[in-house]
Amino acid sequence: MTGQERSEEKSECVSLSPMREAVPAPPECERVCVFGTGDLGRSLGLRLLQAGYGVVFGSRRPHSSSSLIPHGSQVLGHAAAAQSGHLIFIAVQREHYDFLVPLANQLKGKVLVDLSNNLRKNQYPEANAEYLQSLVPGAEVVKGFNTLSAWSLQKGPSDANRQVYICGESVQAKQAVMAVATKLGFSALDRGFLSVARELEDFPLQLFPQWRLPLYIATGLSAAFFFYLLIRDIIYAYFTQGKDISFRIMVSLANKVCPIVSLIMLSLCYLPGVLASFLQLYRGTKYRRFPDWLDRWMLCRKQLGLLALGFAFLHVLYTLIIPIRYYVRFKATERTVSVIRENRTTEFDTTTAWSGDSYLSLGILGFSLYVLLGITSLPSVSNVLSWREFSFIQSKLGHLTLLLCTAHTYLYGWNKFLSSSTYKWCTPPGYMLCLVLPSVVLLLKLLLITPYTHTQNNTLSVMTALSSRHELLFLCYCTL
Amino acid sequence: MTGQERSEEKSECVSLSPMREAVPAPPECERVCVFGTGDLGRSLGLRLLQAGYGVVFGSRRPHSSSSLIPHGSQVLGHAAAAQSGHLIFIAVQREHYDFLVPLANQLKGKVLVDLSNNLRKNQYPEANAEYLQSLVPGAEVVKGFNTLSAWSLQKGPSDANRQVYICGESVQAKQAVMAVATKLGFSALDRGFLSVARELEDFPLQLFPQWRLPLYIATGLSAAFFFYLLIRDIIYAYFTQGKDISFRIMVSLANKVCPIVSLIMLSLCYLPGVLASFLQLYRGTKYRRFPDWLDRWMLCRKQLGLLALGFAFLHVLYTLIIPIRYYVRFKATERTVSVIRENRTTEFDTTTAWSGDSYLSLGILGFSLYVLLGITSLPSVSNVLSWREFSFIQSKLGHLTLLLCTAHTYLYGWNKFLSSSTYKWCTPPGYMLCLVLPSVVLLLKLLLITPYTHTQNNTLSVMTALSSRHELLFLCYCTL
Amino acid sequence: MTGQERSEEKSECVSLSPMREAVPAPPECERVCVFGTGDLGRSLGLRLLQAGYGVVFGSRRPHSSSSLIPHGSQVLGHAAAAQSGHLIFIAVQREHYDFLVPLANQLKGKVLVDLSNNLRKNQYPEANAEYLQSLVPGAEVVKGFNTLSAWSLQKGPSDANRQVYICGESVQAKQAVMAVATKLGFSALDRGFLSVARELEDFPLQLFPQWRLPLYIATGLSAAFFFYLLIRDIIYAYFTQGKDISFRIMVSLANKVCPIVSLIMLSLCYLPGVLASFLQLYRGTKYRRFPDWLDRWMLCRKQLGLLALGFAFLHVLYTLIIPIRYYVRFKATERTVSVIRENRTTEFDTTTAWSGDSYLSLGILGFSLYVLLGITSLPSVSNVLSWREFSFIQSKLGHLTLLLCTAHTYLYGWNKFLSSSTYKWCTPPGYMLCLVLPSVVLLLKLLLITPYTHTQNNTLSVMTALSSRHELLFLCYCTL
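The listed protein sequences correspond, in order, to chains V, X and A.
Under numbering that gives the first Met the number 0, residues 0 to 479 are what the first sequence spells out, in order.
Under numbering that gives the first Met the number 0, residues 0 to 479 are what the second sequence spells out, in order.
Under numbering that gives the first Met the number 0, residues 0 to 479 are what the third sequence spells out, in order.
Do not rely on the hints blindly, as some may be mistaken.
The list cannot tell twin chains apart, which means a pair is met if one copy fits it or any two copies do.
To be verified - Pairs of lysine-lysine residues, derived as DSS-like cross-links and limited to a Cα-Cα distance of at most 27 Å, are as follows:
1) K120 <-> K330
2) K395 <-> K330
3) K395 <-> K120
4) K415 <-> K330
To be clear, the hints were calculated from the coordinates, so they are not data collected in a lab.
For reference, chain V alone in the conformation it holds in the complex (with noise of 0.2 Å):
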């Protein structure tokens, strides 16, 4: 074997270096095996060719299942197929694994990726990849590219979701697939042992685990809000006048509403970095995990932020569109009719028209802050700013909107706070209920960063030899 020839069989052969020693490599392609000759397993079959690997299909009738498979390929019977690939693609439905119990023989020492998924949650009692393993003893089991979908297979990552992950436990077994996945164009990531498989066949079946609990609270907080504010208003007025005004279930109470929950749900975005920083304060040092319900409540704030903005959002839309309903045209109309017919004059009250301007003005610029932190959560303008950066927008900008955000609501009170027939049947009305947990966020974040706790959190910083920037970056987003 001369120099050349081991190196251009070294460059070929991307870390399957095993597979050598039991199948004569084809002169300018590495050869990988898929069983599975569905759709799944033709469409990787297809991107496997074109990303320049020799495929050999195995099926159970090799002769049937001609026209489909994509041209360039061979389809051999499974025994066959086996051996002319050290690593072989799964494609068939774990219902079907035990035909490869008889295969135990040629499958030894070669790596088997099983991609399969389930139709529900919990369907068996072990992940789909442990019980292959199970199944053929003498393989090495990687799971690995369930993920994704048949489509985005063929079509390639290019739109699709480039993130693969892969599991399994032998390091080598999993660098080969990592090589394969790579050369498709795939980004594999290792999630570590077999162990994890089942949470990896558990991640196309998930239905937005991280927004449940938040929709949970969104949820709760407007149907409370809707049936204080049905009372207070609409059920309020016929009792004790009679009037039938339920239209404005439709868009008064709904603008009522979504302000409520909004500023709420922002102020619930906030408090447990305040919470957290009071209790590194009370602990005297930072070196201690939180309580679980605090991570849980952290983890979860960007959730918190985003369905706020969206019923600030919605807040936006009911109220510009105000002028355009029949009620309030015809109410204007009534007032001017009712100012000629009983000869009054009108008088232009400055201080309405300074508080209405800065209420509206307020309202604008936290919108306009609230639409920035949406945007600065985007997955990919989040990932071209440094730490420095996204805690600054996250931290000051929105500590700055939650504060015009209370503003704004404390200037459409104004005078009504101490007026008593604000409070009909003796209740608040809603827009004061909702004021208490942004007002009590803002006052433990001033108090924060008074001097004296800010010189008390800063000597806890320096007390602590050990605090590199990163630590601080860490503690940083703790108490964001």
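Following the hints, complete the assembly by docking chains X and A onto the known chain V.
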């Protein structure tokens, strides 16, 4: 050769091993060669130097092109330069490729990377890379990097397009080029043999190929409805009442065309999925390809939906500025004045209030979901969604959006459907015309989710023995 | 050593081969060493373990730091730990680097990865990595991973920044570090020699460096126009008519400043491209560098444009809430009342309706294009565009946006340009001032696309013999 020496050597030569036979390697870095000292060549050379390669430029006049050449590189004549590296980037225009013919001997076995582009499609009978290969048959031509600008080559891939496409006959040559691309920070994707080169060369010249059909549809629909409404609203008023209300073209007419086109395009976006489901039910199998027109239609659904969102956005803006318009303010004053002068009393109509407010509320909710659909179709957002999440949003929420927008339009018509005065010149108003298609889509979808068809669909799934989760995903994509 | 053994060994050692001579490798995984058991060190160790590495922590007190150390790793004294791996991550603060000096012998030939960051820029005379290299001259120092937080190290790169920058003197050492980064799921980019370390260390400390100049410009323009309009509108009214209309600051004034600043910044975004084109025409060549100020200006065009979009967004919101304002509703009532009381007849003016509606319509179309430009400048969207598509949108649609917005402003002025009452205290209104710059830009652009200049431009292109498509793209970028 000691083990230490061998391992150093190995880690240094990244799958470019054949080079070692040709040239005594420099102690620290591998050398690559760049032919051409224009903007592109220099940018590429600079980037290669930064990535730790040794760079040798090949130039016609090696001694006169000194000042702009990146510091640290070498400039030689073509023949001498060709000898110094295994990999040669051809950064000259196709018109000057003939200078390579006399170098055939020096180029034998070398990897030539063709980076060229053309000024327009079909400028030459064959692809530049294929032409290059025909000129230097002894070399291994790889097409690649041509989708990058000199700018992004120089600045690195941090905020430009990371993806680089390559193609070529030799797997080893492609691997060598991919290794370089990876070290420069790009992620290279092997697209196949040299016959793909024309496609890669056409890529930088393409101008929204997937948007073309949806844009034609949008333009056609807009023009058709514009003229239809122009005749019905403005020309009709001129003929029958002699009034010139042409100023309404700018806002009123635009605000009728936009929502009509938006709603039709949204239903065009969901129609193919429904058709595909019925086709599968009719055929009794999901393993036959759809007809070509249906395939093409399904592939431009995203673009149809985004254009529909654009028109909906315009509709929202046009609606929100209504109360600012001179005409509207004039009418409001006139109405109030006539109430006073004719001493009429105004009566508040709760039904009108209910229908008007519901109409507005449905519009707001529909538009919010519309925006949500738009956000989730941003590449960075759809990438972090699991397939189930993506299909939940695009299918469930998508049909809900269509339902809300259709209901919004029906409520707009409200009690005008049966009034004969609505049908000027015996033509229905635009919003009635545009209701046909979404109503059909929603009815068909309703049929699909009724128990009987649902069972049929399920039977279909169970019947097909090979149906894995992936194939369901595939199906799911098809019938989104 | 049989072939089987050799190949196994090879696939297992990822370009870290020199390690094999130093330590007998564990049967399954490669060992790396982490000095420091703080948050950062522990997070990194955990991630390394998950990726299949063996991890040995080096600690001052190996026996007392047990509880928080990730399960599966080993804790040794520094000297012992240094012997167990070829790659050593230094996860301690720069202040404690001196403990490495006595270990010089054990660290000889090892790769030391400096992960440290500083609390502020220029905290120390030299970069931390250079300081480390001077302390341990026998080791090969590589700077890297410092842009990551402990958080994203622990959680993996799925939704944080994937990109990792490294630099160092030795190519082999950098390759070893890059291999680890790749296995951890990051994508590493080699930025050059150790002299770049300071730049990398400053990166996490930077706060929107590219946004600074555009933000200064926006703040300056806003302040200037605010005071100009304050004097012209509010103080003028107070002096000449004694009226206090200061409440107009909150909405009316803000709604004048926003569109003015937006339009000026949009034209500032397109001015440098036009200037560059004229400079190239004047020079007769496109191969000379632009002056520095023009270069810097061109590099912040994206930021200028996005800030302009922000101001336009505020302008839209401020405009849409106009009919809700107390002042506006008061005025409307007053107008109607005066019509009645003075028994005037109102006459509908078609010209006013035309100009008003056109003004609004142009504004809406301009803003929609503005938003489209904003969306396409999102990193994830611009990444999927080909260069021609990106330049089509940013150049063609960009200039169209500028044209629409300028026409919108001209129509706002309409017939007031020639009325002397517009010029209070002999000063022109703000919107006239802000029309100067966009008019100039549009005129210059018009000149550039007239046949004569166009031919000149083309001649320029043909003259330059080396101009490839890439260079045209480069030029295209410059003169966008």
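Exercise for the section: Of all the hints given earlier, name the ones this structure violates by number, lowest first. Expected result: Of the numbered hints given earlier, those the structure breaks are 1 and 2, listed in rising order.
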